[in-house]
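Trainee: Chains A and B, in that order, are what the protein sequence lines are.
All residue numbers for the first sequence refer to numbering that gives the first Met the number 0, where the first residue is 0 and numbers rise by one.
All residue numbers for the second sequence refer to numbering that gives the first Met the number 0, where the first residue is 0 and numbers rise by one.
Hints may contain errors.
Here are the in silico distance ranges between beta carbons for each label pair [said to hold, decoys possible]:
1) B:R79 / A:I117: 34 to 40 Å
2) A:V66 / B:S43: 27 to 33 Å
3) B:D176 / A:M74: 22 to 28 Å
4) A:L68 / B:A135: 49 to 55 Å
5) B:E86 / A:L144: 19 to 25 Å
6) A:I150 / B:Q13: 53 to 59 Å
7) B:E185 / A:E85: 51 to 57 Å
8) A:L68 / B:K115: 49 to 55 Å
9) A:T77 / B:S43: 32 to 38 Å
10) B:I225 / A:T77: 28 to 34 Å
11) A:L128 / B:E162: 50 to 56 Å
12) A:A163 / B:E139: 42 to 48 Å
No lab work stands behind these hints: they were computed from the structure.
For each residue, glycine too, the CB sits at the ideal point set by N, CA and C.
Chain by chain, the residues:
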Amino acid sequence: MRKRAEDHLVFASTGRSNDAGYAVEDIVKQISAQLPNAKVSALQQSVRARVETVDRLTRFAVAVSAVVLVIGALMIFTTMMGSVVERTKEIGVLRAIGLRKRQIINELMIEVAAISTIGGLVGWIVGMLASWLILSYFSQSGVRLEFDPKIALGAVAAALLIGALSTIYPAIRASRLDPSEAVRYV
Amino acid sequence: MSFVVVNNIGKVYQSNGIDSAVRVLGGINLEIKEGEFVSLMGPSGSGKSTLLTIIGAMNHPSDGRVLVDDIDVYGLSEERRADFRREYLGFVFQQHHLMPYLNTLENVMLPLVTSKISGKEKRIRALAVLQRVGLASKAERLPNQLSGGEQGRLAIARALVNEPPLILADEPTGTLDSKTGVEIMEVFQQLNAQGQTIFMVTHNPENAALAHRIVNIKDGRMFDEIDADAESAA
């Protein structure tokens with residue numbers, strides 16, 4: 000005799016008790032009792048389980064993104080601190096020829112804003128391409144990648160914000176360099 | 000009437016508290032008239048560059064006052080002092096400190112970055128200054144495509160573009176060979192002949208002798224002043 004594989008029976012329900020006063024869970028129990036080899040579940044429960052799984056994945060993705068943002072911010076901060084040290088002489092010359100502290104800060108912030116905008120855009124494009132590749136490779140359920148301009152704008156805005164926040168301290172530090180010392184910096 | 004008045008200037012550096020205070024300048028008095036070319040000489044560590052940066056509104060003295068065009072330089076706020084440097088001073092550094100990623104013209108335009116004049120006007124002014132130092136034909140070149148002498152002339156052009164009344168030069172021929180050094184000193188002499196006031200720190204007695212007056216400094220104190228013009232006349 001051929002051993003039957005375990006069947007999985009799913010049925011739809013409004014989720015409310017029926018006229019006879021049976022709840023969906025009672026119906027599931029009754030059918031399960033009649034079909035011991037089948038795994039019985041209500042469609043509502045299946046959908047809820049899927050939604051919960053997607054929610055959990057979304058929360059995980061948000062947490063990973065937050066960690067990536069913090070790491071990105073720290074990398075920009077250390078890069079800018081290094082850049083200020085590397086450009087000590089240049090900043091000293093700019094101060095010596097009469098640029099105000101505010102102008103030094105503006106110069107660095109404009110530079111970071113330009114780099115962050117390009118970085119945000121490139122990041123979004125690479126992210127979309129990677130998602131498209133991964134979806135076409137792994138997904139067999141016909142999930143489509145949606146183009147959402149809000150995500151593009153959000154990526155650029157987030158990159159700008161993180162870039163600006165990470166550069167405030169290095170820029171202030173640069174503006175406070177003593178020009179007479181800075182031009183002698185080796 | 001003197002254009003620059005250095006009145007009893009002293010400078011003490013404190014690196015690790017009062018115990019390690021080092022006095023590098025004391026009791027310096029100096030006057031520079033408009034259109035004068037003054038050289039400052041002295042051995043290494045004598046305080047020459049410190050005095051230059053104090054006159055250059057970049058290094059607050061511990062004692063005394065610096066007046067330029069009757070403006071008490073260190074009575075100004077730090078930001079007003081930056082404006083003062085832009086309007087009154089042109090710096091020529093020993094290492095030139097040119098921006099390697101900017102071409103010749105852009106390097107000269109750098110002090111005009113905060114100026115309210117149009118971009119076209121900035122280019123015209125920068126090109127006119129490059130013409131004065133003989134670099135107009137190399138306006139598009141990067142500093143590393145210029146010879147040492149040309150880099151020195153470019154540094155002078157950058158110092159001149161704001162038309163500052165006073166040029167401060169810190170050993171402008173210090174990194175150059177003697178022939179190129181002569182070339183740079185000729186530019187300074189031409190500028191001075193056109194009425195430019197110049198204060199130059201140098202180690203080189205021959206270059207110093209090209210000025211109207213030589214001020215000698217040793218151990219942070221002035222010990223000698225020579226009227227180079229009178230000496231050469233004698």
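Trainee: So, for every hint listed, does it hold in this structure?
Mentor: Verification of the hints:
As the Cβ distance of R79 of chain B to I117 of chain A is approximately 37 Å, the hint placing it in 34 to 40 Å holds. Here the CB-CB span from V66 of chain A to S43 of chain B is close to 53 Å, at odds with the stated 27 to 33 Å. Between D176 of chain B and M74 of chain A the C-beta distance comes to about 44 Å, which lies outside the given range of 22 to 28 Å. Between L68 of chain A and A135 of chain B the beta carbon distance is about 50 Å. The supplied range of 49 to 55 Å therefore holds.
At roughly 58 Å, the beta carbons of E86 of chain B and L144 of chain A sit outside the given window of 19 to 25 Å. Under the hint 53 to 59 Å, the C-beta atoms of I150 of chain A and Q13 of chain B, about 55 Å apart, fit the expected range. About 35 Å separates the C-beta atoms of E185 of chain B and E85 of chain A, a value inconsistent with the hinted range of 51 to 57 Å. Taking the beta carbon of each, L68 of chain A and K115 of chain B are about 40 Å apart, not inside 49 to 55 Å as hinted.
At about 37 Å, the CB distance of T77 of chain A to S43 of chain B agrees with the hint of 32 to 38 Å. Checked against the given bound of 28 to 34 Å, the beta carbons of I225 of chain B and T77 of chain A, roughly 53 Å apart, lie outside it. Between L128 of chain A and E162 of chain B the CB atoms are about 54 Å apart, so this pair conforms to the stated range of 50 to 56 Å. For the pair A163 of chain A and E139 of chain B, the supplied restraint of 42 to 48 Å is violated, since their beta-carbon distance comes to about 34 Å.
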